[in-house]
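Novice: Here is what each chain is made of, one letter per residue.
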Amino acid sequence: MAEKYVGQRVKRTEDPRLIQGLGHYVDDIKLADMLHVAFLRSMYAHARITSIDTSEALHAPGVVAVYTGQDVSSKIGQVPCGAALPDLKVPDHRVLATDKVYFVGHPIAAVVATDRYAARDAIDLIIVDYEELPAVIDVEGAASNSTVIHEHFGDNIAYKLTAGEGDIEAALASADHVVKQRLVHQRLAPIAMEPRGVLARYLPGEKELTLWSSTQIPHLMRTQVAIMLGIPENKLRVIAPEVGGGFGSKLNVYAEEALLGWIAMQLARPVKWIETRRENIQATIHGRGQVGYIEIGCKNDGTITGLRYNVFADMGAYHQLLTPAIPTLTGLMLSGCYKIPAIQMNTTAVFTNKMATDAYRGAGRPEATHVIERAMDMVAAKLKMDPVEVRRRNFPTPEEFPFKTATGLFYDSGNYVGALDKALEMADYSKLRKDQAAARKDGKIIGVGVSTYVEICAIGPSAATPAGGWESATVRVEPTGKVTVLTGASPHGQGQETSFAQIAADALGVDLNDIAVVHGDTAIVQYGIGTFGSRATAVGGTALVLALEELTKKATRFAAHLLEAEPESLQFEDGKFSTDGKSVSIQEVALAAHLARNIPADMDPGLSATRFFEPKNFTFPFGTHIVVSEIDRDTGDVKLTKYVAVDDCGKVINPMLVEGQIHGGIVQSIGQALYEELVYDDQGQLVTGTLMDYAVPKAAMIPWLELDRTETPSPVNPLGVKGVGEAGTIGATPAIVNSIVDALSPFGITHLDMPLRPELLWKIVNNAG
Amino acid sequence: MIPAQFDYIAPTTLDEAVALLSQHADDAKVLAGGHSLIPAMKLRLAQPQLLVDIGRIKGLSYIREEGGQIRIGAMTTHYQIESSARLREICPLLPEAAGQIGDVQVRNKGTIGGSLAHSDPAADWPAAALALDAELRAVSSKGERGIKAADFFVDLFTTALEQGEILSEIRIPIPKARTGQAYLKAAQPASGFAVVGVAVSLVRDAAGKCEAAAVGITGVASKAYRAAAVEKALAGASLDEKMIAAAAAHATDGIDANGDLYASAQYRKHLAAVYARRAITAASR
Amino acid sequence: MKKAISVTVNGVVHHQDVEPRLLLVHLLRDVLNLTGTHIGCETSICGACTVIIDGQAVKSCTILAVQADGASVTTIEGLGTEANLHPVQEGFWEHHGLQCGYCTPGMIMAGAQLLDRISSPTADQIRHGLEGNLCRCTGYQNIVEAIQYAASKAK
Amino acid sequence: MKIEGTQEISADRERVYSALIDPAVLQRCIPGCEKLEATGENTYSARLRAGVGSIKGIFNGAVKLEDMQPPSRYRMIVDGKGQPGFLKGSGEIALDEKNGATLITFSGDVQVGGTIAGVGQRMIQGAAKMMATQFFTAIEAEAKARPDEPPPTHGFFRTALRWFSGFIRRSVAR
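Chains as they are written, first to last, in the working numbering: chain A, 1 to 769; chain B, 1 to 285; chain C, 1 to 155; chain D, 1 to 174.
The following block holds chain A by itself, in its conformation from the complex:
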């Protein structure tokens, strides 16, 4: 195929509507006779509900209905958990609390009213009596806590899992040094700028329920909500309209989605719920939440002999869709981009009285990368080696791919030293070190941090995923010659309407503007899996390529018939099939195929193709990030003075979109490293409950990001793409922390837990305890 668009910085086709405010997010859609829903949520972390009195609320102006757990628990199935693990305890998870509340923000009652103001007013009129119970908050102590959240389980352990290969005891025993460190991955809030929201409409005659939801996975949601509501899946339509960011937080099936559907069915009127930001911080999934202990063995020359990671993973009070699976992704990626003969991860996953954790951008891999990249720096410090050198000594060479890790993965392709060298050159690493030495003499506190990461993307083979790891695509050339692409990978800001159009335009030789990429509506688009796990282009894009190939084959046969030639003799270029001076355009072929007056007898009319792509393996993007930081001796303030990132996500469809993904990912990492933390107090109150206390990075906090790429194609798919959605979030955090720890190494610091707030650093510098 001619690459007119692929590889180019094509401006996004979705932008004109968005920059004019003409896109439609859930709350922008209004239906006649629509009602509004507001939730009463628990203000206790753990309590028994002794009574609920909704009578006053029911009589409030505008109120149409009030529902409590008693009303719905036998009518709506459980909020689903899709992760399967041996001996996993799955708590009964109802859409509204019944006898107990388990976390601050746990929904207790839903008020339905004629407008959002009336719904909100009525919430204050519901009287709930609670008997407060002790809250389980500390992650490390949860397993042995005498308070058991789900009593029938007997303890707070959701599961225990040991994973990894190699003889870890022998590996650590053979080491010249074993470095140990406790390490905390704090809880984070994904904070998609658009909070969640659901609009539900039920047509009693047709018995059709339609849900508009701000979701990353319309099809999976349709299946799950149909099960929860006990309605035929083919009578449920889910539409993900414009989705204002997800970062994993909308890769889920939430209580509110099923409940709104049920309410619409009860009342036979459209109902809408739009999450407030306070609700979003309380009751949309959280990310990270691990406390782990590293043991890493090394030889005097820097060779790593083995790694053990014993981790307590905070599930929260319930499992959401993938909650228990997230730590397993950490386990898979612990080898980083190094040859480590023995790795063991021992997970103790615990229930606590907090919102569930789940997939937040990176989903378990940032934790793994942080563990191994911090560990490599600690090894370097122990051996008094340059951290770059330690990394180099443990890289597999490009020839060693596919490279098998002791975590059971086969890395598809890689040139780790290539990305590292390019980043070192861009940053002028040796000069940085010289400058650092000089600055230290002047009393400055400057650090240089490096992270060389690899991540797991293109999720993924179905055998390794809970709900299918494939993706689908349909391509249709309409009678007028316009091209429709239907993708099951429903985007929420990634720009697939553009990148998939680029792929299709090149393949069919048509103008980009003649292509419409349609997604997010289960009634229009064939079943698909969704956009998450940096999979959309690698898996969904590949399905599209396959569909385009099939469509082209069909078109070739139609064209050959029209041109009265053999299909093999046809050339297809710039949208034209030609042979012997005769030619026909794909648009003409499409029309002929639809008119069907002159088509081969053995061919069906119409011009379309649908294909599903099942990847054989994951892909493994990688790269190197280098960060220079300076700490203000007086205040502990950190300034990131240089940021260099070289990422390799395989082949690139649109460099502009790739850079955008990297930028955004890095900035979320800066957030985790320096600013963000969800804090529950020891009673389980979420005290960072608004954006006044939970610090999302602002423009002025961010340094200029110097980006470049290397390009190592993936052999896993014909496009050679690997995926880029999470790379920035995975690679950046340890580079920032390594930089700051490096800056503080003269003060005897070898490790610090995030977020690295000024007060913490000031105390170290000034030894103020």
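Honestly, the hints are just simulated from the structure, not real lab data.
Worth double-checking, as some hints may not be accurate.
[Unchecked claim] Simulated pairs of lysine-lysine, PhoX-like, Cα-Cα distance not exceeding 25 Å:
(1) D:2 x B:269
(2) A:763 x B:242
(3) B:269 x A:444
(4) C:2 x B:58
[Unchecked claim] Residues from chain B that keep clear of chain C, each with C-beta distances beyond 12 Å, as calculated:
(5) 137
(6) 145
(7) 147
(8) 163
(9) 164
(10) 238
These numbers were taken from a predicted model, which means no experiment stands behind them.
A virtual CB, placed ideally from N, CA and C, is assigned to each residue, including glycine.
Given the structure of chain A, go ahead and fit chains B, C and D onto it with the hints provided.
Specialist: Just chains B, C and D, lined up with the frame of chain A:
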């Protein structure tokens, strides 16, 4: 987040406004710009029954010079002060402090009077008002009175304004020649509120020594305060690095500092000294 | 209890009877159906609800509709048209200054205000000028470039 | 949150102690307390109104005095709930004689929940201190008042408290 119901009146004269306030006593609340009150109402932490919007009263938004004073109407927005070329010339502390409040949108709508009357312990204006020895004019149905900034801030969200009083004007003595000023702030990264904010206004004598200094500090304690010990140490001192540092070290003498998640009391006290030193240094340039 | 107000939005005068507690952003979105102005935080931090009232960028989630009585409001829908985009809109498109698009209208309004006040801002000035707007997708770098583009284009 | 502090009151210890456990006095001194009714021995139901400034939160709950060792110490437990959230606290109050005056040392644990905890963390320490100071200042006035005088009024607090948490007041009361 949606406020509870309330009634709303937008009087067009100050007399009308104070009459409404005295009539509705405890149930009424003054709406100035609304950037402190409306968020609290949306969280339903504030549920006034009546809002008296003073935004439609003509003649409460101005910056003028009169009687040796700068007079600023209570409804003057932070941005109006930030962008005043005249103030930058005669009293740069005002625009400098204004420009560090919240963000652009907040500065466009929030008012100096609203902020001072709210007396948030981490607001920027109280520090500046203290360092500038401002007099705050309060109007009620009983008449008008002046309250010195030093007496105005009573405690957390508590001012010397009495029931029925509206803050109408801020009067600031026009700084003398050879006055140096600065406002420096450590901002909380999420909210933008001052973890510590230090406002300094100092007058130098012909020889360059500090004749008198006024230092207002916000963010540290339950209310903004004048750092008397710093001022005393600066008075008559030569403004060299060592002297400034020694004076700034007294920034929290006798002050009961508060801590929160982001910054402990101990750290705030330390930051106060650092920012005092920096602000004094900047003001003495 | 309801108050009669008249607000000019994008050049069109609207007379409405509103509850005093109706937030301006809800007037725009729910009453006038101008849904380009978004709500992202409700605590006056994120700036997704930014509109321009009488030349001043403000957060419409922290303003009562009654406060806007008599005012002239410009929302994203009134800033430019597809055929005649505002330079800041154009900059966002050219420089990939948006991903999910949710913060974008507010960000563009804040950017337009910034250029009204500083015609050739430095990168630092742009970053500080956007301190009232959060974006979770782009990392801001392309937004800075978008506004620089608009500044050069406006000349 | 831990709160602790000391307050010197220039009145003798017996008087201060009896003021501190007298429900009528407590009702007058606990900022915003509208009602304090005995429901059992040393157990009271309370109604508090954070009716100052813009805030009109009403909290209902219980106050309990325990481990009473007149005139040197007792323990106070407060529990209340209202629309903006809840408050729970328990604390030791110790009274020592000091040159004819009484030194009160209080130390306890206050927990707030609901909206106030979720959005007000930066103000909680300051609020608790403010309430404590006001409570003990009022107690001092009570203890110093002569038995034949009418009880002092603490209307000062009503206007002084321009902040948003009546619930915190109760924190300090215990």
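Novice: Checking each numbered hint in turn, tell me which of them this model violates, lowest number first.
Specialist: none
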